[in-house]
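Below are the chains, spelled out letter by letter.
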Amino acid sequence: DSGVTQTPKHLITATGQRVTLRCSPRSGDLSVYWYQQSLDQGLQFLIQYYNGEERAKGNILERFSAQQFPDLHSELNLSSLELGDSALYFCASSVGWQETQYFGPGTRLLVL
Amino acid sequence: AQSVAQPEDQVNVAEGNPLTVKCTYSVSGNPYLFWYVQYPNRGLQFLLKYITGDNLVKGSYGFEAEFNKSQTSFHLKKPSALVSDSALYFCAVQGAGGGNKLTFGTGTQLKVEL
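Sequences listed follow chains A and B, in order.
Mind the numbering: the first sequence is residues 1 to 112 in the numbering used here, read in order.
Mind the numbering: the second sequence is residues 1 to 114 in the numbering used here, read in order.
To be clear, the hints were calculated from the coordinates, so they are not data collected in a lab.
Among the hints, erroneous ones may be present.
Claimed, not checked - In silico SDA-like cross-links for lysine to any residue, where the CA-CA straight-line distance does not exceed 25 Å:
#, chain 1, residue 1, chain 2, residue 2
1, B, K77, A, Y50
2, B, K111, B, P7
3, B, K111, A, R18
4, B, K77, A, L83
5, B, K22, B, Y39
What the hints assert, rightly or not - Chain B regions said to be covered by chain A (calculated; three or more residues, Cβ under 8 Å):
#, segment
6, 6 to 16
7, 28 to 37
As the list claims (entries may be wrong) - Anything over 10 Å on all C-beta distances counts as not near chain A; from chain B, calculated:
#, residue
8, E64
9, E66
10, L102
11, T103
12, G107
Virtual Cβ for every residue (Gly too), placed ideally from N, Cα, C.
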């Protein structure tokens, strides 16, 4: 158990809908990262927050957004969902800059 | 841009034999290199990392990795494989000057058979 928690574990929804994925980092970690794992794209970095501020952006679609709250938990919002958004979404956390990232168990999203 | 290559989709090894999972990388500056393991329906578990120093890095569960700067490689090794080591292994690189994001390889499925 890495100490990073993600909810929900599974999510099934329809195209066009909007969902929110939640992540709680390890105690004391200030950085939160979001990654997407899909069969065709592999593991891809989406976005990073550090102590409430966005620090880096990867291949994140405009339909996706994220935020980190004062209690350091983070949410990833996915809107106007498409079939291709079906994937495993991981959250990771680290103490600070360029420290080891510890991953949560992931949220498996299925868009029908 | 940074990248990682894992040339083998699958590696098969008999239990008790040594195993090697290959990884090569491309990054500007000094690399930070990582190995993670993913078991079915689980998240990625951190195994080990190389930042600087000794080229042989020891990690969890008896795994180690050898950093070779001239060959830009970071191969994962274990002297004696166990059936329970069967899983999907990912190599990742983090550029020293490129921010925190991890760039992952495509993964290598390790199958350890009796």
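Structure-based check of each hint:
no.: 1; hint: B:K77 to A:Y50; result: 34 Å, violated
no.: 2; hint: B:K111 to B:P7; result: 16 Å, holds
no.: 3; hint: B:K111 to A:R18; result: 38 Å, violated
no.: 4; hint: B:K77 to A:L83; result: 38 Å, violated
no.: 5; hint: B:K22 to B:Y39; result: 19 Å, holds
no.: 6; hint: 6 to 16; result: violated (count 0)
no.: 7; hint: 28 to 37; result: holds (count 3)
no.: 8; hint: E64; result: 17 Å, holds
no.: 9; hint: E66; result: 19 Å, holds
no.: 10; hint: L102; result: 6 Å, violated
no.: 11; hint: T103; result: 7 Å, violated
no.: 12; hint: G107; result: 7 Å, violated
The structure fails hints 1, 3, 4, 6, 10, 11 and 12 (numbered hints given earlier, in ascending order).
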